[in-house]
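Trainee: Model the full structure from these sequences, guided by the hints.
One letter stands for each residue in the lines below.
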Amino acid sequence: MKRMKKMNRCALVMGVGGTLVAGSANLALAVENEFHIAYTARAIASNFDDGSCTSLGSGIGGYANGVNGVFNKSKSLSSLAHKSHDGFLVENKAAINYSGKVDDDLKLVAQFNISYLFGQGQYMEGYQNANLKQSGYADGGGLGGGEVNIRTKALYVDYRLEDVPVRFKVGLQPFTDAYKGTILSNVAAGIVSSYETDKFELQAGWFRLHAVELDYAKSGSGSYSIQDGKYVDPGTGQAFDDSWRTDDFYLLQGKYKATNALTLGASFYAWQSDWKSTFNSGTGVGSTSPNGAATTTVTGLTPLNQDDLELYYAGGNAEYKFGKGGVVDGSFVYNFGKRVNHILKAKQDVRAFETQASAKIPVGPNGVAHTAFIYTSGDGTPNHGSRNDFGGVVNVDGMPESYFTSPNTLLMFTSQIGAVSNRNVLHSVANEGTGITAGFIGYDHDFSKKLSATTNVGFAAANKNPFQRLGSYIGTELSGEVGYKFKPTATVRLQGGTVLLGSYYKGTALEGDGSNPANPYTARIVLSYLF
Amino acid sequence: MKKIIVVATLFLVFGAVLHAEEKSPQSAVAAEVAAPEKDECILNAKDCGEQALSLQSKIDRLKQEIAKGKKVYSSKELRKLRNKLEDANDILDELLFHPTNK
Numbered sequence: 003m004k005r006m007k008k009m010n011r012c013a014l015v016m017g018v019g020g021t022l023v024a025g026s027a028n029l030a031l032a033v034e035n036e037f038h039i040a041y042t043a044r045a046i047a048s049n050f051d052d053g054s055c056t057s058l059g060s061g062i063g064g065y066a067n068g069v070n071g072v073f074n075k076s077k078s079l080s081s082l083a084h085k086s087h088d089g090f091l092v093e094n095k096a097a098i099n100y101s102g103k104v105d106d107d108l109k110l111v112a113q114f115n116i117s118y119l120f121g122q123g124q125y126m127e128g129y130q131n132a133n134l135k136q137s138g139y140a141d142g143g144g145l146g147g148g149e150v151n152i153r154t155k156a157l158y159v160d161y162r163l164e165d166v167p168v169r170f171k172v173g174l175q176p177f178t179d180a181y182k183g184t185i186l187s188n189v190a191a192g193i194v195s196s197y198e199t200d201k202f203e204l205q206a207g208w209f210r211l212h213a214v215e216l217d218y219a220k221s222g223s224g225s226y227s228i229q230d231g232k233y234v235d236p237g238t239g240q241a242f243d244d245s246w247r248t249d250d251f252y253l254l255q256g257k258y259k260a261t262n263a264l265t266l267g268a269s270f271y272a273w274q275s276d277w278k279s280t281f282n283s284g285t286g287v288g289s290t291s292p293n294g295a296a297t298t299t300v301t302g303l304t305p306l307n308q309d310d311l312e313l314y315y316a317g318g319n320a321e322y323k324f325g326k327g328g329v330v331d332g333s334f335v336y337n338f339g340k341r342v343n344h345i346l347k348a349k350q351d352v353r354a355f356e357t358q359a360s361a362k363i364p365v366g367p368n369g370v371a372h373t374a375f376i377y378t379s380g381d382g383t384p385n386h387g388s389r390n391d392f393g394g395v396v397n398v399d400g401m402p403e404s405y406f407t408s409p410n411t412l413l414m415f416t417s418q419i420g421a422v423s424n425r426n427v428l429h430s431v432a433n434e435g436t437g438i439t440a441g442f443i444g445y446d447h448d449f450s451k452k453l454s455a456t457t458n459v460g461f462a463a464a465n466k467n468p469f470q471r472l473g474s475y476i477g478t479e480l481s482g483e484v485g486y487k488f489k490p491t492a493t494v495r496l497q498g499g500t501v502l503l504g505s506y507y508k509g510t511a512l513e514g515d516g517s518n519p520a521n522p523y524t525a526r527i528v529l530s531y532l533f
Numbered sequence: 021m022k023k024i025i026v027v028a029t030l031f032l033v034f035g036a037v038l039h040a041e042e043k044s045p046q047s048a049v050a051a052e053v054a055a056p057e058k059d060e061c062i063l064n065a066k067d068c069g070e071q072a073l074s075l076q077s078k079i080d081r082l083k084q085e086i087a088k089g090k091k092v093y094s095s096k097e098l099r100k101l102r103n104k105l106e107d108a109n110d111i112l113d114e115l116l117f118h119p120t121n122k
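From first to last, the protein sequence lines are chains H and Y. Per the numbering used here, residue 3 is the first one in the first sequence, and the count goes up by one each step. Per the numbering used here, residue 21 is the first one in the second sequence, and the count goes up by one each step.
No lab work stands behind these hints, which were simulated from the structure alone. Some hints here could point you the wrong way.
[Said to hold, decoys possible] Listed next, the in silico DSBU-like pairs over lysine-lysine satisfying Cα-Cα at most 35 Å (straight line):
1) Y:Lys23 with H:Lys451
2) Y:Lys88 with H:Lys257
3) H:Lys362 with Y:Lys83
4) H:Lys487 with Y:Lys83
5) H:Lys259 with Y:Lys96
6) Y:Lys91 with H:Lys201
7) H:Lys323 with H:Lys257
8) H:Lys326 with Y:Lys83
9) Y:Lys90 with H:Lys362
10) Y:Lys91 with H:Lys257
11) H:Lys326 with Y:Lys96
12) H:Lys508 with H:Lys347
13) H:Lys257 with Y:Lys100
14) Y:Lys88 with H:Lys451
15) H:Lys259 with Y:Lys88
16) H:Lys451 with Y:Lys83
17) Y:Lys58 with H:Lys257
18) H:Lys326 with H:Lys451
19) Y:Lys83 with H:Lys452
20) H:Lys347 with Y:Lys23
21) Y:Lys23 with H:Lys259
22) Y:Lys88 with H:Lys362
23) H:Lys326 with Y:Lys58
Mentor: In structure tokens:
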């Protein structure tokens, strides 16, 4: 009873905020409750960042899905306007992380994110039937607030065996592959076990990415009849395939610390999905040829389509540390297996690869120069022979679940520091099957403990040309940032960048009349508060 | 007019930042001289009083305690501290994990 009272008191004080380590010398086991919060706000002026999470992509007009943003930007890089539509938006997010434990071995972790774009939600639902609301991830900032905008981003139990360096994490947890997030990087529900000593680290795990029981309603048919105990489509007379559909990711990876400086790693991932095109129309990415020529729409090319596949990723990586903060690393991944092609109506063999290298070199006491390189194989004729385009995991909406943030670009790939929305020229290193060659070079400098600056230059080119583009050069990003840490827990950053689009986008503006899309630019003020 | 208001608002935000900067006390993370004794609050959640640590200062203090090594802590206690540091770094990774909310 006495102990219960103590625990209640712990529970009462834990709401104060920040980390609160509560306990008592009278208890053999102290209860530890911790709350930590990361808050990020971004004010953005741009002709490209529109509050959505879509890529520039390969579709007509440079992108096909830009209608979900705060600004309907479907014309912003188009031939109609010839000049971009500038916009200004503000977004913010608070990530609230709770961890609680009664003993040292067993811990519960939960994280909830609350986010919104200023002005999004509430009364916009029925506005001229335009359905202007976001899909939930950005609502709650409209007049009156009042949206349900909390999302679970982690919920797992973390268990360490006593006296053996074995650890289990069971539940929804973040995962990033050993290749800088180019294969899979997101939260997923699964079980990951790890064994770790000073020299070795071994990890095995399984994630269930999607699961549903298919029935007639989900097949898109409005009616059914029952024959021989099976649901049958009255239109076609065919039985619905009412089985479980699953989408799983398996991992086995290890690291060996050969010396204090050198770490070697190897990994094997398997992505197995029997999700069928019932959920994903499978029409694939379409694209018209530039200059308004006769439409040569490439249909059935399904680089983003994830249904019915078995893909494997076997890779090796190495990292070498030198001096004060210097790092060189490199990796190679071979991607193989089978996936469905909707034009051939058959499975194709996949044989593809990616390779990366990067370096961080200290320059003087306060500077770091960094460079990165990536090559992913592409396929110019995906409807013939084997598929040679490297592809990471995509979700059932067909969007990549890989995030390549390490080059620290603002527009080319996902920014390292963000809040809600995410708009990039390239959403993934696969670039919808073209494969890319990309290089980045940058320099970070600390002027004082509080003031720092970063400059970056990046380029990317497509390796293959399945969309019959006029050229292969995707573009050059020029970007920079000044950061000021005005408190130990808070930083404000000014960021600016542009991408000078290359020949890959020549003549691809909205109507296909031969005009070029405008170069995207962004200017952002970012406030981060973490405690 | 709209632009003037937006610009003025941004100036006020920066003013607030600078004001906070002037008023903020010296960084709490400033290196304390590591006393050669156990930190019971960090190790066993005992005698913490009303302390509330930010994640960054918790990580700093754990590193500080681990650096004291076997002179102060038993190997079991050191392992516990290392696990706590790993946990704190995990939380940091989770908080900053995804730059988007999708």
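Trainee: For which of the previously enumerated hints does the structure constitute a violation, in increasing order of number?
Mentor: 20, 21
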